[in-house]
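Asker: First residue of the sequence shown? That's 1 in the numbering used here, and the numbers climb one at a time after it.
What the hints contain is simulated information worked out from the structure, not anything from laboratory work. On a predicted model such as this, the values are computed, not experimentally measured, just so you know.
Below are the DSS-like pairs computed for lysine-lysine, each with C-alpha atoms no more than 27 Å apart in a straight line:
#1 K58 <-> K69
#2 K40 <-> K69
#3 K120 <-> K133
#4 K110 <-> K26
#5 K110 <-> K12
#6 K110 <-> K34
#7 K40 <-> K12
#8 K133 <-> K150
#9 K145 <-> K133
#10 K34 <-> K150
#11 K34 <-> K120
#12 K145 <-> K26
#13 K133 <-> K40
#14 K145 <-> K110
#15 K120 <-> K60
#16 K69 <-> K133
#17 K26 <-> K133
Derived Cβ-Cβ restraints for the label pairs, each shown as a range:
#18 E37 <-> Q126: 16 to 24 Å
#19 Q140 <-> K120: 31 to 39 Å
#20 S67 <-> N2: 37 to 45 Å
All residues carry an ideal CB built from backbone N, CA and C; glycine is no exception.
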Amino acid sequence: MNLDQQLQILIKNAPNYGVPALVIEKAIAPVLRKFAEQLKFSEYYILQNPTEDWVMFKVKDNPQQDSEKTVIYAFTSHQDAIQFNRKQDDGIVANPLPTTHILFRLFSVKQINSIVFFNKVEKMEQGIELQRKDLQNLIQEQLQKLAKTKANNIA
Numbered sequence: 001m002n003l004d005q006q007l008q009i010l011i012k013n014a015p016n017y018g019v020p021a022l023v024i025e026k027a028i029a030p031v032l033r034k035f036a037e038q039l040k041f042s043e044y045y046i047l048q049n050p051t052e053d054w055v056m057f058k059v060k061d062n063p064q065q066d067s068e069k070t071v072i073y074a075f076t077s078h079q080d081a082i083q084f085n086r087k088q089d090d091g092i093v094a095n096p097l098p099t100t101h102i103l104f105r106l107f108s109v110k111q112i113n114s115i116v117f118f119n120k121v122e123k124m125e126q127g128i129e130l131q132r133k134d135l136q137n138l139i140q141e142q143l144q145k146l147a148k149t150k151a152n153n154i155a
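Use the sequences and the hints to build the structure in full.
Answerer: See below:
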């Protein structure tokens, strides 16, 4: 599924997320597209528990500090995801999800600080980390532009 198709699904399902379709179309989708275009694949595998919640990992934000952050890991193949999780099964599965839907979830789930997208599990140090705050800031800018546009159209 290409990015346009992925974004159309999000727009179509906007009422299920409690967000007007226009907001997703005009403010959120352009930002999701921008971030998704930085990645190499249109879908990634996310580790999930038996109730389909994403498996979150606590990692040190900086080895010299005690602060932690919560991250999600995204893999390009089922095999890579399972290999990453091989030491701790606990009924964990890896399911494919469209890239823009993963990014939308990053935006909407406050306890996730970032998602690290890996293209190969053996190159774990070469993942692309996308911060929730960066995504949120750009969406906030788009929402402000949308509000301004609507206000100008009313005036």
